[in-house]
Amino acid sequence: MIVTLEWYLWLSAVLFCIGVAGVLTRRNVLIIFMSIELMLNAANITFVAFGRFLPDANGQIFVFFVMAVAAAEVAVGLAIIITIFKHHSSIDIDKVNLMKW
Amino acid sequence: MEAILFIITALIAVVSALLVITGRRPVYSVLFLILTFFCVAILYVMLGAQFIAAMQVIVYAGAIMVLFMFVVMLLNLRDKQKWEVSTALRNVLGFAVAGCVLLITASALKSSFNATAELNKDYGTVGAVGDLLFQRFLLPFEFASVLLLTAIIGVVMMVKRRRKSDDPEPQELSATPTEGGTGS
Numbered sequence: 000m001i002v003t004l005e006w007y008l009w010l011s012a013v014l015f016c017i018g019v020a021g022v023l024t025r026r027n028v029l030i031i032f033m034s035i036e037l038m039l040n041a042a043n044i045t046f047v048a049f050g051r052f053l054p055d056a057n058g059q060i061f062v063f064f065v066m067a068v069a070a071a072e073v074a075v076g077l078a079i080i081i082t083i084f085k086h087h088s089s090i091d092i093d094k095v096n097l098m099k100w
Numbered sequence: 000m001e002a003i004l005f006i007i008t009a010l011i012a013v014v015s016a017l018l019v020i021t022g023r024r025p026v027y028s029v030l031f032l033i034l035t036f037f038c039v040a041i042l043y044v045m046l047g048a049q050f051i052a053a054m055q056v057i058v059y060a061g062a063i064m065v066l067f068m069f070v071v072m073l074l075n076l077r078d079k080q081k082w083e084v085s086t087a088l089r090n091v092l093g094f095a096v097a098g099c100v101l102l103i104t105a106s107a108l109k110s111s112f113n114a115t116a117e118l119n120k121d122y123g124t125v126g127a128v129g130d131l132l133f134q135r136f137l138l139p140f141e142f143a144s145v146l147l148l149t150a151i152i153g154v155v156m157m158v159k160r161r162r163k164s165d166d167p168e169p170q171e172l173s174a175t176p177t178e179g180g181t182g183s
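In the order they appear, the protein sequences are chains A and B. Each residue of the first sequence is one higher than the one before, starting from 0 at the first, in numbering that gives the first Met the number 0. Each residue of the second sequence is one higher than the one before, starting from 0 at the first, in numbering that gives the first Met the number 0.
No lab work stands behind these hints, which were simulated from the structure alone. Among these hints, one or two may not hold up.
To be verified - Partial list, derived from the structure: chain A residues whose beta carbon lies under 8 Å from chain B: (1) Ile-17; (2) Val-19; (3) Ile-44; (4) Phe-84.
Claimed, not checked - With a Cα cut of at most 25 Å, we get these calculated BS3-like pairs of lysine-lysine: (5) Lys-99/A / Lys-85/A; (6) Lys-109/B / Lys-85/A; (7) Lys-159/B / Lys-94/A.
Glycine is no exception: its CB is placed at the ideal position from the N, C-alpha and C atoms.
Produce the entire structure from the sequences given, and follow the hints as far as they go.
This is the structure:
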């Protein structure tokens, strides 16, 4: 049984949906952020899998840039989380509701 | 042989991803996410992307998760607190939406992809990726470095400790009246 492209795509889809469930279910901001990173990794697996099986070398370039953007996003997001924690003294996502109606 | 390795790695990745989102303490979630990233790096090596696998370990597992661990330790979070327990409705709806997303992506996977598998010898090596990065994708590469610089500046500005009262300007320097006053 050889590993085809569909195997990797299924794995990527399952990881992505686990990330979606984590974002929607948890109230801790850090866990939500980690689930977002999980979703980004699932998309990266899809890129690399298509790059290998098409074959196309540009998939890995896109993964490179996704990683760079994810690193910048994590840094800024964690700084925002620290600022929220300084203000509210808790990281409950339900308390961050200033822009809610 | 490759199928066995794929199945084992994929199972470990999925199980540790599930443990990330249902972890009791944030530290456990961070550690399980590191395990997931290592499994993804193994998958990248199986897909022939050696450079990206090394980048995954260095950048994701080595830098981003270290940042997460810093923040978890800084915020000094204990176990799952009382405020953190979600209602049952939220859990059910969250998993239902995730199931719907899986259904949508599964419908896209119905068609079979006829994908060939011949690769040239230097596919995925540092040289091949570097060739593309510095010739065809040079502009996005430079933009990525500007983006990282912007992120660094933004983070430092946000988390900098601000003193309540800055030092007032010495009187002899503000001989001429300024327009709006020097409000600090």
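Hints and how they fare:
Annotation: Ile-17/A was flagged as interfacial toward chain B, and the flag holds, the nearest CB pair being 5 Å apart, inside 8 Å. A cut of 8 Å between beta carbons decides the hint on Val-19/A: the least distance to chain B is about 5 Å, and the hint holds. The closest approach between the C-beta of Ile-44/A and any C-beta of chain B is roughly 6 Å, which is under the 8 Å cut-off, so the hint is satisfied. Look at Phe-84/A: its Cβ gets to within about 6 Å of chain B, closer than 8 Å, so that hint holds up.
Straight-line distance between C-alpha atoms of Lys-99/A and Lys-85/A comes to about 20 Å, which keeps the hinted pair within the 25 Å bound. Note on Lys-109/B and Lys-85/A: the hinted pairing is violated, with a Cα-Cα distance of about 48 Å set against a maximum of 25 Å. Between Lys-159/B and Lys-94/A the CA atoms are separated by roughly 23 Å; this keeps the pair inside 25 Å, and the hint holds.
Checked against the numbered hints above, the structure violates only hint 6.
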